[in-house]
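Could you put the whole structure together from the sequences, leaning on the hints where they help?
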Amino acid sequence: MLIKNFTLTLKTAGYLLLLLTAIMPLLYRNLPPKAAPEFLLDNTTSLNRSQASMTMSYACKDCLAPSVHAANVIEKLDGGLFATWFGGSSEGDKDVALWGADLSRDSQSWSMPRRIIGPAETQAALGRYIKTVGNSVLVRGKQGELWLYYVTVSMGGWAGSSLNAILSLDDGKSWDAPRRLISSPFFNISTLNKNPAVYYSNDTIDLPVYHEFIGKFAELLLINNAGRVVDKARITHGRHSIQPVVLPIGPQQALALMRYTGPTSGRILASRSDDSGQSWSKVKRLALPNPNSAITGLRRPDGSLLLVFNDTESERNSLALAVSRDDGRSWHTVKNFEKSGDTNSQFSYPYLIRCADGTMHLLYTWNRKRIRHIAFNDNFVDGSMP
Amino acid sequence: MSVMYNALSYLGQVLLVAVLATVLPGSLVKDKRLRISGVSALLLLGLFFPISGLTFSQLLRSAVGDLSVLTLVIFTNILAQRLFNHNFLKSTSRNSLLLWVTLSGLVFYPLALRLSPFDPYRLGYSPVLMPVILCMISIYSWLGAKRDLAVIILFPLIAFNLHLLESDNLWDYLMDPILFIYAVIHQIGSIFQRPRKWAQHMLAFPQRK
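Chains as they are written, first to last, in the numbering used here: chain A, 1013 to 1398; chain B, 3 to 211.
I should point out that these hints are in silico values taken from the structure, not numbers from a laboratory. Do not rely on the hints blindly, as some may be mistaken.
Simulated crosslink set (DMTMM-like; lysine to aspartate or glutamate; CA at most 25 Å straight-line) [stated by the list, open to error]:
| no. | chain 1 | residue 1 | chain 2 | residue 2 |
| --- | --- | --- | --- | --- |
| 1 | A | K1106 | A | D1090 |
| 2 | A | K1381 | A | E1350 |
| 3 | A | K1294 | B | D121 |
| 4 | A | K1046 | B | D170 |
| 5 | A | K1016 | B | D150 |
| 6 | A | K1088 | A | D1314 |
| 7 | A | K1154 | B | D170 |
| 8 | A | K1296 | A | E1327 |
| 9 | A | K1296 | A | D1286 |
| 10 | A | K1351 | A | E1325 |
| 11 | A | K1143 | A | E1103 |
| 12 | A | K1381 | A | D1338 |
| 13 | A | K1046 | B | D121 |
| 14 | A | K1023 | B | D150 |
| 15 | A | K1296 | B | D121 |
| 16 | A | K1154 | A | D1369 |
| 17 | A | K1347 | A | D1054 |
| 18 | A | K1046 | A | D1074 |
Shown next as C-alpha cells:
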C-alpha cells in the first residue's frame, strides 16, 4: 500500500514537472502581450527637388535565359543597386533559376546577370524535391545583412508553392544555405511573395504574401531579424485578391493595394489598417483598372503615395504611374512609362523602391525577355518645379 | 539546435515510411519475425535507396512536409501495435485524441485556408491561449485517469519550446493534414464498426447468459 502510494506521488510529481516544463517557458516568453510596433516612415528626408529626370535602361538586356520575370531590387550599402529575378526556358520549368545583377553607383551600368540559386541547390539543402523557383524579394536586415525570400514549388503549379529564405553577409555576393519558412498549416503550400517588405520600429518586418490554393487572398508575415515568422495577419479572405503592396501612411496606419483576380472587369483592391497591420478593413474597389496584373507602389517623405500599374482593362501593354495625396482615397495617373498599340506587348510585375538620395527605381518585366530599369526623381512625378 | 529539429523531422520520415511499410507485410505476413524483417527491409529501401537523387522518404517529405509531434506518437503506437502487438496508448485515450483532432481539423482547416477573415493558424504564433487550453485538457485528462493522454498532450508544447521542428507555429506541433486524414478515417471506421460490435454483443448475449 505504502509503495503504491509512493509510486503514485512520484508519478504525480513527474507529471507536474512535465506540465511546468511545457507551459512556463511559453508564458515567460509571451506574457505580457507586446504592444503593436510602429511602422518606420521615411519622414526624415525631403523630396529631391533637382530638375526632373528619368533614365531608362535594362537590368538585363541579354538575360542569359529565354524568359525572365518578377524582378525586385534593393539599394546596396555602397549606394548601388542589386536586383534579382527568375529566368529559364519558361515560367515554371525545371531549368528556371534566380538570377541577379548589380548596378554600379559610379558607372551607372548593370553587371552581367549571375545565377543566385535554383531548384537543384535548394533541393540539396532542404532534402526535398524542388521543381522550380519563382518570385523573390530582397530585404535589408538590422545589421546590414541581406535576406532573399523566394518561392519554390515542389508539386503542382504556383498553388503548391512555399517560401524560403537565404542570407547574404556580403551584400549579395554570396549566399548561405536556404531555409524553409512555414506559413501554412496545409502541407505548407501556397504562400508566395511579390512586393517589398514593410519595416517596423522594433526591427521586425512585414512581408506581404498571398495564397493561391483554395482561396486567393492576401496576408502579412511578421518576420523577426533572425528570419523567423513570429506572426501573421490576414488582409483579405476569399478568392480574388493577391499580391498586396503595403504602404504605411502613419505610425500605425497602412494602406494595402491588391491585384484583382476575379472574373469581372477588374479594379485595384484596397484595404486599410489602423493598428500596425494587425487587422484590416473590408476590401474596397478603387477606380483604377486592373487587368489581373501585379501592381507596386511606395510612400514618399511628403506623405504622397505612388502606384505603378497597368492602366488597361484587359491587357498589359501600358504601364502607368499614379499619385495620391490623400492617403490613397483618390488617385491621378500622371505618367505612362510604357504605352504600346500592340496588345501582345507585356509590361508587367513592376517593383518600385526609393533610395536614400531620393531617386526612385522601377524594375519590371519587358515582354518576358528583359528586365527594364527606370530611374526617376520627384520632379519627374510632380512636374518641374523651380 | 538544428541537429535536434532535423532529428525530429527525420524521425517523422522514418515513422511514415515504416507505417506505410507495415501495411503490406502486416496484412500478408502472419509470422511476426518475417513481418518485422519485411518492414525493416522496406524501411531501409525507403530511407537510403535514391530515386532520381532523392530517397522515398525525402519524396514523401516533399509532399507532406514535417509531421506533427502528435502524429509521431500515433504512428509509433501503430508500429508498436502492428509489429509487437503492444499498445502504449490506451484505446480510449487514442480514440479521445483522434476525436479531438477530427473536430479541431473540421473547424481549423476551412478557416485557415480561406473561409473567413479569422485565421486560427495565427493563434499558434507566440501562443498564450493555446498552451493554457492544452494544459487544462491535460490536467483534466490526468484527473480523469487518462494519464497517457495527459502526458502526450504536453509533448507538442515541450517540442515547441525546444524548436524541434522547422515551424514557429504551435499548430504544426499539434496536428498536420496526415493526422487529420487518419483521424477522419478512424472516425468513419468506428462508425461502421459500432453496429457490427453491437450486433456481436447482442448475438453473444444469450451465450453469456
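Tested hints:
no.	hint	verdict
1	A:K1106 / A:D1090	violated, 35 Å
2	A:K1381 / A:E1350	holds, 15 Å
3	A:K1294 / B:D121	holds, 15 Å
4	A:K1046 / B:D170	holds, 17 Å
5	A:K1016 / B:D150	holds, 18 Å
6	A:K1088 / A:D1314	holds, 24 Å
7	A:K1154 / B:D170	holds, 21 Å
8	A:K1296 / A:E1327	holds, 22 Å
9	A:K1296 / A:D1286	holds, 16 Å
10	A:K1351 / A:E1325	holds, 14 Å
11	A:K1143 / A:E1103	holds, 11 Å
12	A:K1381 / A:D1338	violated, 37 Å
13	A:K1046 / B:D121	holds, 20 Å
14	A:K1023 / B:D150	holds, 11 Å
15	A:K1296 / B:D121	holds, 21 Å
16	A:K1154 / A:D1369	holds, 20 Å
17	A:K1347 / A:D1054	holds, 24 Å
18	A:K1046 / A:D1074	violated, 49 Å
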